[in-house]
Structure formats: C-alpha cells, structure tokens
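Okay, here's what each chain looks like letter by letter:
Protein chains: 2
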Amino acid sequence: MKISVSLDRFKKGLGVVERIVASKSTLPILNNVLIRAEDSQVVLSATDLEMGVNYYLGGKVETAGSITVPGRVLGNFINSLSDDKITLEEKSNVLYAKTERSEASLNGMPADDFPTVPKVEGKEVLSINSQILKAAINEVAFSASLDESRPILTGVYFVISNGLLKMAATDSFRLSEKTIKVNSSEDASFIIPIKTIYELQRMMTLSEDVKIIISENQIMFTLTDLELTSRIIEGEYPDYEQVVPKAFKTTAILNTGELASNVKSASFFAKENANNVKLLFKPNSLEVEATSSQLGNFKSNLTGQITGEENEISFNTKYLLDVLDKINTEEVSIELVGKLNPGVIKPVSKDANVMYIIMPLRS
Amino acid sequence: MKISVSLDRFKKGLGVVERIVASKSTLPILNNVLIRAEDSQVVLSATDLEMGVNYYLGGKVETAGSITVPGRVLGNFINSLSDDKITLEEKSNVLYAKTERSEASLNGMPADDFPTVPKVEGKEVLSINSQILKAAINEVAFSASLDESRPILTGVYFVISNGLLKMAATDSFRLSEKTIKVNSSEDASFIIPIKTIYELQRMMTLSEDVKIIISENQIMFTLTDLELTSRIIEGEYPDYEQVVPKAFKTTAILNTGELASNVKSASFFAKENANNVKLLFKPNSLEVEATSSQLGNFKSNLTGQITGEENEISFNTKYLLDVLDKINTEEVSIELVGKLNPGVIKPVSKDANVMYIIMPLRS
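Residue numbers (my numbering), protein chains in the order written: chain G, 1 to 363; chain Z, 1 to 363.
Since the hints were derived computationally from the structure, they do not count as laboratory data. Hints are supplied without guarantee of correctness; some may be wrong.
Stated by the list, open to error - The calculated EDC-like cross-link candidates involving lysine to aspartate or glutamate, where the alpha carbons are at most 20 Å apart (straight line), are:
1) Z/Lys98 <-> G/Glu289
2) G/Lys299 <-> Z/Asp84
3) G/Lys166 <-> G/Glu236
Unchecked claim - One-sided excerpt, in silico: chain G residues whose CB lies under 8 Å from chain Z:
4) Ser265
5) Phe268
6) Gln294
7) Asn297
8) Asn301
This one's a predicted model, so the numbers in the text were calculated from it and none came from an experiment. Each residue gets a CB set at the ideal place from its N, CA and C atoms; glycine is no exception.
With the hints as extra help, turn the sequences into a complete structure.
Structure below.
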C-alpha cells in the first residue's frame, strides 16, 4: 500500500474512528485502526465488535493495500504534525509515514486478522437531517438507563409510524419522549444502544442527511463521509405510554431559569436525603423545600401561574435538574395529578414536541 | 452575629477561602469556614494548619459575632443564588441565610473551636506587583519536586539580595531560575511550599502590590482584600548554581513552536523508552529522534542557527516540553557542553531573565 492524503482530513478521520477503538480489549487487534486503500479510495475502520465505523478519506492511491496500526498512538502522533500532506506506505506490516520534514515508522499487524466492519444490507427506514436528529438525541438520551441488568432500558427507542418519528428513553425513574415529523413510508421500531447513540451524536458535525438502514439485528447510519454500524438491542420496549397521566389536577407555568436555580440551591441540602426536594403548588406561588437533619434546611418561593388544585410532589433534584437543563424555552410547565403520580414537564412553546416524566419520591 | 453583605463579594470571598478548607481532615472543624463580624468588618477564614487565609468582605455589621459552617456546602449553596444581598444571622450555632426569595439554615460549630489564622508578625522583606510575581511563578514553579522524601525540593526558593529577587525550583532532574529587579533594602532567603505558591498564584487576580512578611518559620502575603499565611520549609536549599555550566561547546537558536511540535511528535514514540528523545546538533540543522522497539521510530529535521561543535544530547521529552511550553518568545536557545552535561535553555530576547536546565539522559 502507498497513498498520499491530506493531513487535515486524516486527522479528522482518525478523530472519528479512534473513539470506537476498543481501549483495553483482550483481542489486541481491536486496539488498531485499519487503513485500506483500493481503487481511488482510502478507508479508515475501527470496531469494538458492538459498533463499527468506516470513514472515507479520499486521497491519492499509488498502490492498493492495507494495514492495521495501534489507534491511540497513531491518532496522538498524527495530531501533533502540522504539514499539509502525509504519505503512508506499508512494507512488511510496518507503516511508514512521511511529511515534508519528518518520518516515522509504526509497527502494525496484517489487515487479514482485522474483523470486517460490514455494510448492513437491509431496508432504508429513514432519512433525516443530522442536526435535527442530533438535537433530538440531546433532548432524549440522558434518560436512558446505565444499569446493564435491564439491557432493554440501556438504549433509545425509535418508533417510525404514520409520518412521525418518536424517540423515547427511560430508566424507569424518569422518561423523555420526543416527536418529529418525518418523510417515511416504512414503519419500523428498534432500540439503539446508548453508546452508539452518543457516538453518532459526536459524528454529526455537519448539516447533512443521515440515512438509517435496518437489518434483522443490525443498524447502519450513513453520512457523507462515514458509516456507523451497530447491533440493535433485542426485545420489546416497555409500553411506556400507559404511565403517562392523561388528566391533571394542577398545572404550573414557571420561569425555567428561576426554577432551575432554586432547585439547584435546594439540591445541596437534599443530598443526604436521597436528593429529595419538595415542591408545594399554591395559588400563584411555588415553594421549593429541602431538609437535612445534619446540614440544615432550605426554602424558597417562586411566583408563577398556577391553576387547578393546591398540590405537592417530591422529586429527585438530579432528575429535575437534568430536565430543566434541556428545556431552553423561557417558561416550563409542570402538570400533576397527585403526590403519588408521575409529574409531566414540558417546555412552554406552541411547537413543543418533547415531554418529560419524573416519578415522584415519597416525602 | 447579624450581618448583611453583597452576594457577589461573598461568592468571591468564599471562592478564595474554600480552596484552603481541608477536604478530609481528621479534625472536622477544618472542613469549616469561619465567618467573623466585628466593628464594621466581616472576615472569612479557613486553614488546613499548614496554610491559612483571611478574606476581608466589607458589609454591614448589625451585631458582632462569629460561627463556622461547612465550607464546601456553603460555597456550593451560595454560588447557586442570584440575588444582590444576603443576610447572615447566627443563633445557637445555626447560620440563617436570607435573600429576597429564599432562606436557608446551616448547622455550624462554635467559632471558639476554630484554629486562629494569625497575622505573621515580622519584617516586610518585599513589596512587588502581583502580576509580575504571578508570571514569575508560572515560569518557575513547575520544576519543583512532588516527592515528599526530600521536602526541601518541594518548594520555590526565593533569594532577595542586592536589589534582585531570584526564584528557583528544581526536582534534581531539571531546574528553573527567574531573576527580577526589585526595590528592597532587606536581604532574605526562604523556601515557600509549592502548595502555598499555587494558592497565592490563584489569589492574585488583580494588579496590585503583594507584601511579603517573614517571621522565623512563617510567611504572610498581604493583598488588598486578603492575607495568606503559610509555614516556610526549613533547611538549606541546595547550591544549585554550581551545576550551571559556565562555558558551552554548542549553541542552537531554534523556532520555539517548531521545536515543541517536533518534540511532541517524538514523545509518542519515546514513551516506552523512559521518554528519551535524542537531539543531534549539526551545522544549521537539528535532528530529533525517538525509537521504540515495540511501536516504531520517529525522526525529523529542523533548520536552525547552530554554532560551535557538532553535538548530541538526550532529554526526557516531558521536561523539554514543560520548558518549551513556558517560553513565549519566537526563538529559543539551547546551549550544550557535551552529552553528559546539563543543557541550558533560554528564551531568545534581550531582556530574557529566566533560565532552564535539564539533566541529560543516557541514550
């Protein structure tokens, strides 16, 4: 293999694939990045066996061929260079890298031993603008569970139906749901591992279309320069819609920033009491309370538009702050049934299409 | 105690003293901040027994008194507030904090049990602009040792003599020395613990005079709003000037950024070989080399003004990069005797007043 590529593009491609390189795999070759040159195309690939990525580099191919080299070292080294072009040549499993003033040799391993990152052959179920998808991931994914004992909850649930994409995530203590209008004639539903979701989010740096292609147990996202493939989480996602309250006794419209800063203040007092903050809904005012036998107590008073019955509920400050952090409208609504029912939190906006649910704590 | 203070100033003061609060002390009261109100002055204090700080808050004193409260919690909580003023009242060892919309109570401990942070009574040995001192600390302190087995090297050595302040730090592998003209009639020398030096550096946010006052085993730095006191490291600093070569066989003038980026590239190959990078000085060119039996090899070529004999030396890339990171002139000079003698590195500037020495590695 002998190729010549733009150093900037090589840095960018390595930045993308390097994150997928398994960091401490029992299979040493998974710590490597595959560089493959054929026809007029140079491809970088990495995989941790759950996820794989192909990055299309462009560049000039003098001789086709391939090699794998340690991903972390290659990335660090290449990032420290500052020339325009780099020439890469493979000889006897050693990669020779040359720029105008420097040259390096990196010991590699044959490409034959590298697990392929196959293209997923299946149906395209969706094409969506990357920045819309990225924003939706940001609003939803944080509610997914990190607890591997219920694998089904460690992903983001996608449902495409009737021209709508719904994305949901829950760890059973809180739930996020986002709804987006899409052009799709195919109905489908699948659960994407949270790790894949976050890597995809990082890869969507430009505004372009992402295509989603599904096979029986694999998913592939294609962008202009790259393909990300991943396993799908198998099983049936819980029917979360049944926990969403349909009618409410109390509705509060509050200033988002003011509520967040008061809950933040309360959180320091709530820490040793399971992060328990109590919200008391009174006519036109919300009281925020936290108590700690060891530390002391906190109480504050917010004005707001509160309609319906007087009510109260206790939330985990962490979950409430997570949600308020994602809401970027000036006002937020909190809807309650009673202190033992889930609370529903939404941005106040005529085109709000995201909903958060937090389960109450016993106070 | 009952006082009213500006919330902004209270935040700033807590930000300063909170860092000195011992984080996991066996003496629980050292986790606390002392709030003391007397006459028309409110003072915040914290100490970890090695270092202490008094911060003068200003504010309105209604009733004099004092209390200590957990520093970390107080700091986090106060930082989350966003009013203009805060009222603080002590009753039965509880601190009641009130702003316009919120109120909190924090359980405290009596001030009587708090170790005093005494003013150091001694002679003023120096008054110097804080930003000049801050820049000098930045250039010198990183060479101090972190190894407690030779306590004398875990500080920065100050020598005031003949209208000059010299500051030096060394861990016996590399040395930094800075010289500054000062107005001082008192000669003195003392070793300041590196932790004190770094805290002082963070506290010098404004351009103002710092006064340094010395007693037998204590030092005090006074700024407009605060006093920082610390122990001095006892013992005699090594006579480091005797290791500084007086005559050289080779001098190289190189572009600082170019050298740094080439050494950085080499460093990834040098890692498994004790960070060993070899510099080969040839007529008008410097070769940078690193080799690793496992990873591979790196070699690059820099043009530069090299005078004297051809020469070579091996350095620890980490020490060399540390030094190059501090040099902000376009060019840097490296002066050598031979490959077993220390190398001397300086910024190229007519008013350069800093010198770095790095001991060679055997290559």
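Structure-based check of each hint:
no.	hint	result
1	Z/Lys98 <-> G/Glu289	holds (14 Å)
2	G/Lys299 <-> Z/Asp84	holds (18 Å)
3	G/Lys166 <-> G/Glu236	holds (15 Å)
4	Ser265	holds (4 Å)
5	Phe268	holds (5 Å)
6	Gln294	holds (7 Å)
7	Asn297	holds (5 Å)
8	Asn301	holds (5 Å)
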